[in-house]
Amino acid sequence: MGKYLSKKLIIYLITFFVAVTIDWAIPRFMPGEPIGMLLARFQGMEGGREILESQFVQAFGLDQPLIEQYFSFWKSLFSGDLGISIYAFPKPVMTIIREAIIFDIVILVPAILLSWVVGNKLGAYSGINKKADNLMMPFFYFLTSSPYFWFAMVIAFVFGVRIGWFPINSAYGSTIRPGLTLSFILSFLHHWFLPFLTMFLVQLGGWAIGMRNMILYERSANYARYMESLGASDRLIRSYGFRNGVLPQVTGLALRLSGIIGGALMTQIVFAYPGLGFIMLRAIMNHDYFLIQGTFLFIVILVLVANFLVDIAYMVIDPRVRYSYSGEVS
Amino acid sequence: MKRNWALLLVLVLVVGLSSIAMSYERSESLVYGGGMWSPASNWNPLIPYTGGHPTGTVGLVFENLFHYYPLENRFQPWLAESGQWLSDNQYEIKLRKGIKWNDGEDFNAVDVAFSFLIARDNPTYYSNIWTWMNDIEVVDTYTVRFNFADPHYQEWKGILHDIAMIPEHIWSKVSADQLLTIANENPVGTGPYLVESVGQDRMVWVRDEDWWGNQIFGQPAPKYLINLIVPGNNNALGMLMKRELDLSNYFLPGIPNIKKAFGINTYYEDSPYMIAENTALLFLNTTIEPLDDRNFRRAMAFAINPKIIVERVYENQVTVANSTGLFGQAWMDYYSQEIVDQYGFSYDPATAKQLLDQAGYLDRDGDGWRDNLNGEAIELEVIVPNGWTDWMESIKVIADNLKAVGVNVTPSFPDFSIYLNAIHQGTFELAINNFGASLSVTPFSYWNWVVSDEIDGDLVTDGNFSRYDDPKLFKMIKAFNMTDDASPRAMEIAANIQQAMLEAMPSIPLWHNGLWAQTQSEYWTNWPSEDNPTGYPCTWGGKWDFGSIPMLINLKPVK
Amino acid sequence: MATGAFWKKHENLYFALTNPKVIIGLSLFLLMILLAILGPMLTPYQYDDFAGAGYQPPSREHFFGTTIMGKDVFTRVALGLRSTILVGFIAGTVATLIGCIIGFLAGYYGGKFIDELLMMGTNIFLVIPSLALLIILSAYLQYRGIVVMSLIVAITAWPWTARAVRSQTLSIKNQEYVNLSRISALNLFRILKEDIAANMFSYVFMVYILQFSGTILAAVGLEFIGLGPTEGISLGLVIKNAFDWNAIQLGLWWWAILPGLVLTTLVVALYFINTGLDQVFNPRLREL
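Keeping their order, the protein sequence lines are chains A, B and C.
In terms of the working numbering, the first sequence opens at residue 64 and continues consecutively.
In terms of the working numbering, the second sequence opens at residue 360 and continues consecutively.
In terms of the working numbering, the third sequence opens at residue 1206 and continues consecutively.
Among the hints, a few may not be true.
Stated by the list, open to error - Quick list of the computed label-pair ranges, beta carbon to beta carbon: (1) 138/A <-> 545/B: 29 to 35 Å; (2) 294/A <-> 1242/C: 56 to 62 Å; (3) 542/B <-> 310/A: 49 to 55 Å; (4) 290/A <-> 1466/C: 41 to 47 Å; (5) 158/A <-> 384/B: 28 to 34 Å; (6) 881/B <-> 310/A: 51 to 57 Å; (7) 228/A <-> 1466/C: 20 to 26 Å; (8) 602/B <-> 91/A: 44 to 50 Å.
Since the hints were derived computationally from the structure, they do not count as laboratory data.
All values derive from a computational prediction rather than experimental measurement.
Ideal Cβ placement from N, Cα and C applies to all residues, glycine included.
This is chain A alone, in the form it adopts within the complex (with noise of 0.2 Å):
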């Protein structure tokens, strides 16, 4: 057991330092004067323009041999130093971050245990009913075949322009205080309802093909013919099938997350959800350097210990893992 996690764990450890490895390349290699470009926003101030430009220069450390600067960006990264943004100048780039970072747990944790859940349920359901399958399965092709980014504008066309129940813009109203009231929470609510939805749908007709699948599959295993063979009643071979179906479709959740956190970027951007895609791409559209390292990093860090989460899943559902690991089973 500990030497899955452990195994694990040294593999999210190499990725980390990769991912760290290119953050830290992206604005040093990046074609142009990003420097000069990021000062372009204080044109005008002749000899101010200096001051801020040594003042980069220095926290970037650009004025060191590079392998330097490659081991004080990682003894900043550990002291939770990110740099200070351009684009929201002079706030640090950690703070941001951490105020962005609560829009992406609030949508993406609902959204993918929810859309897992249920559309295994339905998978399964689909699985061994005919009629049900062939009115969802259309559906659910459907579903997962489509961007996020244009169901989330079908989703704001139908229900924000056309039935307009529900804002599709920002996390909470204009006139809210964010704070712990009924009316911040209800307003919260019925802003985060839609990109929700989005997430939600969209993941949902993958896991349901994936699990109806699952299903069939199990159905014409030989264990399951067996059984029913035996005489066991139809409800507990299909529960057999689930739960042997369940397990590829955690290891598929795994597999799945970085292409999830994409589509929640791209939602964001459709519903202007202050998220730290959205932030992301601001920090882009603005050349903001520091804050392209830092929400990269950040989403990164996010999937990998979404990963490891999904792995400690794994092996709690699969006791095999459990066993094989701990020398109970050779």
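Here the structure of chain A is known, so what remains is to put chains B and C in place on it, guided by the hints.
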């Protein structure tokens, strides 16, 4: 499972009821967007507004000596009570009495002098005043005199309403190396609003009930100003339709089509709907062939049809520029119809072709495109930043127009940074730009930008991207800066400048981008309009002194 | 032996062509190809022409209506579809190639150091969110054509192909005929080519179909964010353009929604072919 939900509901209710602060009363809040593009993070007026402080920092908190109302072409004394030239090189300002900083200290002449002196001793964006200003005298508590070595009368007009006054008792304690980098989170100014709160996508200002101007101008109507960062015009339009936004300062395609159906107001009831705000020009890089030939450039001016752009791309929300690019009362005072009649241009492809033929730009190899005088093919590229949708559509039209007279031009959309690099470094051929052509108190600002003389460095960052080099013209513009308002000499120089620019055609004025402003009247009425000119419906940075405060004062809550 | 393989192939072809999913998928796919090839010829316009009045809903003159400015949406979609399919083709092919090479090698040397190394790299690429990586890569290249964009997309798309191909290779390579070749000292390339690749053709083909649709979705996503090709038209650009010009708020659904519907149809078609083929190659699924 069910019990959990019930528990959660109870929890939510308890939390909800126990809290005190609920929300900003909608009927007391003005919600707007369009001027803020990044989260508010500093309120440091020594950084220019492009450097990140939220729009309104100067205007709502920090104030100016004067306001300038472009629609009336009039100066409104603000912190100053009056100002006048005592002699050719001495200007005196008398301050209003009884103005207080919002921390309770008195505002006086020392603060005014300090606000200028800080730029002499430190590199701020307005430090170059000190190349032509000698010193400042604080005559008494309410009187300041500025002595000039070399008075730039035209430029001074801009400075009078542009520079923010900052409290000496606070900023004198900030060390020099921090001046440009501190965030100044609780800004102390003289203005009608204070910082209330800041969010990831918004910034809220709250009215200062003790503002000195209440007795003089009246109190601004909204208790809260909520400035949203709305990331795109599509979001802004949606929010305007849903009444989540009271005032939008975005370019919104489709407004002429839907304004009636959705009860959206614009300054002019019909076309052009918007107040003209700046001139969009086509810059022609005069350092490369064939753009170095004024005959070729002039032919191009005749070949382009901005009317198509105005109608198709902007749905008549903008107007075609005249040949000089001048607009607005202050600039048009110097407009010379005579010169335009003689040297102006208008869309006329036949003339364009004729001019090109005459100048020798013929299709020598029979490939359908005109060639350079030396026989080489002419292939030009016109650029605007990727994602600037209206400009992207516009240059497609321009390229088509030029192709129609046989000049091979392709539109291209590099990312903004590449675009900026190209115009700064002179590696472009044709490019649209308007960054420095905004409505102002004097056409000097326009000329000094479009044909700025600062073209000798490696980078040309502030206008004249064409790199048009004409010392005589530069001299005329300098001379114009030294003239007084509407003196015969000023008029004469202005006419000469217009003539020189039309003859040389270093850039082609195309259309006037608007002060995009759309409002709705669900919560607030009495918006500024053509028939009700109560202010300037603008929340863009650096322009609050153009009449946005009167707009706030004249707004009427529906409830 | 040779005739047997031939026969087997034919059997699969037979099952494939009679499989309803494959039939539906293929027809839809061909329809899309036809739309891409012939569509632009049905209209007299170019995608950027002012073809008529703005705000027109679909009609006989403008099958998919017009934009705010009066451009013909159908022409835009048909031409956009062309380059989108092209992107899928180039990026899908490149990604599959990279994935196959890495997967084959790793699988062939299963368990050895080179396998560990390759899989480590693959897993790392798999975990780093591809969209974030794509955004950064695209931001580096400030002028982007269709081909360059396809390559960028391919660079982030190959890892899961590699993983899948590796596990297939692992299972095939231990079969007897491979061992036989190995004993007879055939060189690595020939073993890979003749024994392993030939036996994996069907599998790789299915993976390729998924790569095709996957890279299309990734490319369209980039285009929507504004990091697509800096010239020309594509489905993502049509949708982005509609989004930027308020098509949703102004109710021009034909401009915002139809291009996406075409795109989704294309992806659905590919999915159908894929699952249909899955049934063909996995008889256990076929029985139902």
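For each hint, the structure was consulted:
1. Separated by about 33 Å at the C-beta atoms, residue 138/A and residue 545/B satisfy the suggested range of 29 to 35 Å.
2. In this structure, residue 294/A and residue 1242/C meet the distance hint of 56 to 62 Å, their C-beta atoms being roughly 58 Å apart.
3. Our hint of 49 to 55 Å for residue 542/B and residue 310/A holds, since their Cβ atoms are close to 52 Å apart.
4. About 44 Å separates the C-beta atoms of residue 290/A and residue 1466/C, a value consistent with the hinted range of 41 to 47 Å.
5. Range check, residue 158/A to residue 384/B: Cβ separation about 29 Å, and the 28 to 34 Å hint holds.
6. Restraint check, residue 881/B to residue 310/A: a C-beta distance of roughly 55 Å satisfies the suggested window 51 to 57 Å.
7. Remark: the range hint 20 to 26 Å for residue 228/A to residue 1466/C is upheld by a beta-carbon distance near 23 Å.
8. Between residue 602/B and residue 91/A the C-beta distance comes to about 48 Å, which sits within the given range of 44 to 50 Å.
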